[in-house]
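Trainee: Chain B: place on chain A using the hints.
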Amino acid sequence: MRPRIQLLSPELVGRILREAFELLMSPGVRVGSAVVELLRSAGVEVGVATGVAAGVAANDGVARIPERLVQQCLASVPRDFYLYNRQGEKAVHYGGDDVHFDPGSCCVQMLDPDTLEARPSETRDLVRIVQVTEMLPQFAAQSTAVVCNDACSDSKLPSAIGDLYRLFIVLQHSDKPIVSGSFSAAGLPGMIDLLVADTGGPEKLRQQPRAVFDVCPSPPLNWSEFGSHNLLDLARAGVPAEVVSMPLAGGTAPVTLAGSVTQHAAEVLAGITLHQLARPGSPIVWGGAPAIFDMRTGGAPMGAVETAMLNMACSEVGKHLGLPTHGYLVATDSKLVDAQAGAESARSAMLGALAGINMISGAGMLESLACFSVEKLVIDAESIASAQRLARGIEVRSDDVRGDDVRGQTLATAMFAQTGLSGEFLQLKETRALFRQEQHLPSPVIDRTARGSEPPTDVFTRARTRVDDLVSKYRKPALSEDVLRKFQAIVARESEREADRAGVATEGSGK
Amino acid sequence: MDRVWEYGHSNHVLEPSWMCGGSQSGDSPPEYNPGLHRPIPGLISAGGSVSDPLFGAMLQSIIDGSPEKATELAQQALANGVDPLDAVNRGFAVGIKFAGDQFGCGEMFLPDLLASAEAMKAAIKILEPEMLRRGSQREALGKIVLGTARGDIHDIGKNLVATILSASGFQIFDLGTSVTPEQFVAKAKEVDADIVGVSALLTTTMAGQKSVIEALDRNGLRPRVKAIIGGAAVTAKWAAEIGADGYSRNAIDALELARNLMSKVTGKVTNKETAQA
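Respectively, the protein sequence lines represent chains A and B.
Its first residue numbered 1, the first sequence is counted upward by one per residue in this note's numbering.
Its first residue numbered 1, the second sequence is counted upward by one per residue in this note's numbering.
These aren't lab readings, by the way, just hints derived from the structure by calculation.
Hints may contain errors.
If we take Cβ atoms under 8 Å as the criterion, some of the chain B residues that face chain A in the derived model are [unchecked claim]: (1) Gly65; (2) Leu110; (3) Pro111; (4) Ala236.
The beta carbon of each residue, even a glycine, is placed where N, CA and C say it ideally should be.
Next up, chain A with everything else stripped away, as it sits in the complex (with noise of 0.2 Å):
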């Protein structure tokens, strides 16, 4: 049996869809102009906004969607798809209870084990942090995790492309599947060219994706030009979005938790809708980053046990609708790597694990995500690894140890059978063979080790131990000489573009 957490009756669940249905006929949705004549032509009532004169309000009208068209457009979601590897191996699983891990990505900043400060990130830090996540098992996916403020600078690479800038480094160091998202609508083409030099072909990226892309709502229930445009662009290249709707309970959305879902669910529906508009069957994932607002300082805490309620809860409707589900979990609000920190993580981390989230975003990140720690990110791989194992539940083995089938197929009676009073289990073949697969083996990082004569470490410590073995460890994968020419030609050309398009403003800030 595997052990699951449920926060919301059946009931409940009925009726969060049914008012979430109710706020996309009234208030309605904003919607960018790239999708005001696809839903016009799916006969979607776009309007004007309130205080908006008339004329000059394409761009922020209002879409009224009726439940009609996005019962349709749920019915053409696929149920679950995988991503890939570079090696063409299938490696993440979106869809039923399957729970994978990935770092928090976006980050601007970086802990400085050294002097404990939060500094711009770089690339050098993008690097490392791909090293790590590369050499654990614990996460089944890369990110795009900082933001390489060297490279992308008025001085040097155009900072509007650094989201393909942070693609190109990631590609370069991992084979792992990648999560990744877009800063601007101009941005997403030039990423998904990226992806179709590495995977050898736009049909080829369309049957083995690579990476999914986070695409964001604004709260509430507004798909911004950017965001709108993201979707359509991903829908018709064949490539996952990631809806990741951000309702800020008491800020942006419903105090309430049930009332914040409630707007969560309204918007990812909403996306799907445009999304499969544009071009159904596309694969696209129930997600999101939903947090309490923090009644005193106005923030966003990750790390409040509200805040991963409000995940477990909305991921619960994206499976009562059957989707592939996502989550922002294990991550802190503390400074520092520090109890709280690993507390706030290692609690969020149990429970996305036992709410069936198929991916679940965040490790590594400090300060309610304005800050990214690799020495966390270590420290979250092992309290990852411990969710894994919760999530695995008791299972009774039938491993067939000796030989003999009888025998293994008892919980303790052969096992007796052979050492009788001696309490000598340690020495079975039993024992060897089963307890890597009964126990987790923390990595140094966890010390269970009796005091010696030497002071004790603490966490933090023999995480830069850790991070350090790792990296050491690292192989960088081969990449054929053809492969990364077409990167960097695709690297040149768009910040040549982006060079052509300095003036025009770019929207928002993707995940």
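Mentor: Same frame as chain A, but now just chain B:
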């Protein structure tokens, strides 16, 4: 499902810097190495190597923890006229050393280590009669009397120490559980022990460790005979307080401790290496 340690696939034992899988930094990865071509300090008799595939298979059988395979290879060695002492020193014992190092690094675990020790025992059992016949018996690293303190029946730790030390070449006299100070003294005299080891799990039986040391002192056995202690609650502070010659936290550390003490007992260094534990 099980992890596989392919000894020949890295030069773990050759380069201390790669002892724990290359964690000590360095730019170049350990390259594939089909066999060992250099002597291993302290383990292989001078100039020895494991370039011989038979020796390679022997140490692999220990790493795999397969008593069946180790037995078969020991028999094969005898049939081929291989010096049994060479089979131990250049084959099987290298595997035990490797297993100990891997345990110290956290790469191998207690059940693996015990399986390796069992495989070692199986090999020695086959080789010993021939070693006796040739008069080339493997020189014991030292004689150790072991037991748990009076009133303490917890012996899992003591048994581990006995197994590891025995597999590593020490001669072990295991008195079992709840051993009185007098029994320790009598056995130490009888076998002319180098080391007496007293294990205690409980804080209530730890006092028994002190009684043994006092009895050894009363009978004039110390400082020639060294007294070592171990157990979950035992600390360096307690060891110092009762005048023990040493203590260790686990079986692999105990091996290192015993080796170091033997160098004091005999005045010669049995193993200059520092365990990576």
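Trainee: For every hint, state whether the structure bears it out.
Mentor: Hint check results:
1. Gly65: holds (7 Å)
2. Leu110: holds (6 Å)
3. Pro111: Interface hint status for Pro111(B): holds (4 Å vs cutoff 8 Å).
4. Ala236: Cβ of Ala236(B) sits 5 Å from chain A, so the hint holds.
Every hint from the earlier list agrees with this structure, and none is contradicted.
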